[in-house]
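Asks: Sequence:
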Amino acid sequence: IGIQLLRALNETGGYKTVAFIDANPSLAGQVVHGVKVLRPEKIARVIAEENVKEVLLATPSALRGERRVAIRALEAFPVVVKTLPALEEIASGHVQVSDLRPIDVEDLLGRDPVIPNLELLTANVRGKVVMITGAGGSIGSELTRQLLRLGPKTLVLFELSEAALYDISMEIDEIKRRLQKEVEAGAPGSTLVAAVLGSVLDRKVVARTIQELGVEVIYHAAAYKHVPIVEANPFAGLQNNTFGTLAVADVAKELGVERFVLVSSDKAVRPTSIMGASKRLAEQILQALAQERGTATIFTMVRFGNVLDSSGSVVKLFRSQIRAGGPVTVTHPEVIRYFMSIPEAAQLVIQAGTMAAGGEVFVLEMGTPVKIDDLARTMIRLSGLEVRDDAHPDGDIAIEYVGLRRGEKLYEELLIGENTTGTSHPRIFKNSEPIVPYEELAAVLERLEDAIHRMDEAEMQELLRATVEGYVPARSGHPIAGKGEWQPASRSLH
Numbered sequence: 010i011g012i013q014l015l016r017a018l019n020e021t022g023g024y025k026t027v028a029f030i031d032a033n034p035s036l037a038g039q040v041v042h043g044v045k046v047l048r049p050e051k052i053a054r055v056i057a058e059e060n061v062k063e064v065l066l067a068t069p070s071a072l073r074g075e076r077r078v079a080i081r082a083l084e085a086f087p088v089v090v091k092t093l094p095a096l097e098e099i100a101s102g103h104v105q106v107s108d109l110r111p112i113d114v115e116d117l118l119g120r121d122p123v124i125p126n127l128e129l130l131t132a133n134v135r136g137k138v139v140m141i142t143g144a145g146g147s148i149g150s151e152l153t154r155q156l157l158r159l160g161p162k163t164l165v166l167f168e169l170s171e172a173a174l175y176d177i178s179m180e181i182d183e184i185k186r187r188l189q190k191e192v193e194a195g196a197p198g199s200t201l202v203a204a205v206l207g208s209v210l211d212r213k214v215v216a217r218t219i220q221e222l223g224v225e226v227i228y229h230a231a232a233y234k235h236v237p238i239v240e241a242n243p244f245a246g247l248q249n250n251t252f253g254t255l256a257v258a259d260v261a262k263e264l265g266v267e268r269f270v271l272v273s274s275d276k277a278v279r280p281t282s283i284m285g286a287s288k289r290l291a292e293q294i295l296q297a298l299a300q301e302r303g304t305a306t307i308f309t310m311v312r313f314g315n316v317l318d319s320s321g322s323v324v325k326l327f328r329s330q331i332r333a334g335g336p337v338t339v340t341h342p343e344v345i346r347y348f349m350s351i352p353e354a355a356q357l358v359i360q361a362g363t364m365a366a367g368g369e370v371f372v373l374e375m376g377t378p379v380k381i382d383d384l385a386r387t388m389i390r391l392s393g394l395e396v397r398d399d400a401h402p403d404g405d406i407a408i409e410y411v412g413l414r415r416g417e418k419l420y421e422e423l424l425i426g427e428n429t430t431g432t433s434h435p436r437i438f439k440n441s442e443p444i445v446p447y448e449e450l451a452a453v454l455e456r457l458e459d460a461i462h463r464m465d466e467a468e469m470q471e472l473l474r475a476t477v478e479g480y481v482p483a484r485s486g487h488p489i490a491g492k493g494e495w496q497p498a499s500r501s502l503h
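Residues in the sequence shown are numbered from 10 upward in steps of one, following my numbering.
Calculated from the structure, these hints are not laboratory results.
It is possible that part of the hints are untrue.
Unchecked claim - Derived lysine to aspartate or glutamate pairs resembling EDC-like cross-links, with alpha carbons at most 20 angstroms apart: (1) K51 / E84; (2) K380 / D116; (3) K91 / E75; (4) K380 / E409; (5) K213 / E171; (6) K51 / E75; (7) K91 / E115; (8) K51 / D31; (9) K213 / E225; (10) K162 / E84; (11) K213 / D182; (12) K162 / E180; (13) K380 / D182; (14) K185 / D211; (15) K213 / E263.
To be verified - Pair by pair, the computed Cβ-Cβ distance ranges are: (16) V411 / R135: 32 to 38 angstroms; (17) A32 / G479: 46 to 52 angstroms; (18) I444 / P402: 53 to 59 angstroms; (19) T430 / G479: 20 to 26 angstroms; (20) T338 / E20: 40 to 46 angstroms.
The beta-carbon is built from N, C-alpha and C at its ideal position, and this holds for glycine as well.
Generate coordinates for the entire structure from the input sequences, incorporating the hints supplied.
Replies: Given below as structure tokens:
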């Protein structure tokens, strides 16, 4: 690959290649196409003596852990680091200069994948009618891509946003065209795709969709997820996240849908935000429904943390701020988050959903937590720039600490209790958590819905505190939450 890249650089012009760096001791000292091969310990000298501006990683087949070690080693130098995508992603099959890309956050934070259990992936998908709510969102769209490749009979894309529905529909059509030559019974190319524009709160539209298309499995990914926005618009957040889940789950139960999988969030654990409380309430609804007598539908939920490069991701924000010359804004120097790639999260959600017997809370193992301040500094350095701070007053880009926003925590949790057990998958765990009986929960939901309709925030908060275990609104001074200055939600309308 390195030789292919060298040829491409020479053909393009504008590059002077000064060395190959290779850990293979048998190659050290050799000259390949006029370029000397050096050991990794020589890289500092080469960069200094040759005034190197760019380092190109020609290791697309290396494991992420190996690539991460190389990237971290290059952080100390004032160079731009670029890399090649995986070989299967290179369209022509031959390396070209245009294939080079900046270091992706997955190169920094992503981990080596666990080989998926094919039986878990396909058992509740192949040959079935599968519906994804929120199909145009970050997780919903990735679920859609992966589910298509598993050979469902019909894939139902249910989405409120016309623009998002159009985008994912066009993308899925293109994937189907590429797979068309492999068409056979049950192959992805033969899957029917139905795009449905509608709200999860509209029970009639949901029911008609399930009945007319014969939906057997639902992945419920529709949600408002941005903490500050939901905090400023609590009534809309609860309506969509909690009552939207209730509406789809009720209809699914009534019409005998086989399986209902909720995409949940680590923010549901001891929440300090309306968004987190709304997701925990959604979980409680499914737990309660699963306990109801005569329930044929298997209800389950999968909880995980932040995904890389989703809409509103801090990674996208940092990239944009670095391109603009800074400053890069970090909420707090000590804030930490868990990250997972969108494809891995979607794949694990599908597998966890298959494991369900009913009412379980599945928790995805999120890996090592990341300090956001460190992430910002790394992204700046790998762009060939220097952080401007007290130690480096002449640096390129400053980091500005803007404070935790209302409802945000310094760190997130994935478990409420301690009753966690493993499963057949090394990155999927099952947690046993308290269940509120459905009759009791239904009475609370009725009062909560009434409070929302009356826009009575005081009663809404009172009901949430009484029902959602560990919920402490940020404005009440949660020890790990940003307090922010609270304003009545109605002011956000003006």
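Asks: Are the hints correct? Go through all of them and say.
Replies: Cross-check of the supplied hints:
1. K51 / E84: Cα-Cα ~15 angstroms, so holds.
2. K380 / D116: holds, 16 angstroms
3. K91 / E75: holds, 15 angstroms
4. K380 / E409: Since the Cα atoms of K380 and E409 sit roughly 15 angstroms apart, the hinted pair holds (cutoff 20 angstroms).
5. K213 / E171: Holds, at roughly 19 angstroms.
6. K51 / E75: Roughly 18 angstroms between the alpha carbons, so the hint for K51 and E75 holds.
7. K91 / E115: holds, 13 angstroms
8. K51 / D31: holds, 10 angstroms
9. K213 / E225: holds, 17 angstroms
10. K162 / E84: violated, 48 angstroms
11. K213 / D182: Status violated; Cα separation ~27 angstroms.
12. K162 / E180: Since the Cα atoms of K162 and E180 sit roughly 18 angstroms apart, the hinted pair holds (cutoff 20 angstroms).
13. K380 / D182: Roughly 39 angstroms separates the two Cα atoms, so the pair is violated.
14. K185 / D211: Violated, because 30 angstroms separates the two Cα atoms, which is more than 20 angstroms.
15. K213 / E263: With a Cα-Cα distance of about 12 angstroms, the restraint between K213 and E263 holds, given a limit of 20 angstroms.
16. V411 / R135: 32 to 38 angstroms: violated, 48 angstroms
17. A32 / G479: 46 to 52 angstroms: holds, 49 angstroms
18. I444 / P402: 53 to 59 angstroms: holds, 57 angstroms
19. T430 / G479: 20 to 26 angstroms: holds, 21 angstroms
20. T338 / E20: 40 to 46 angstroms: holds, 41 angstroms
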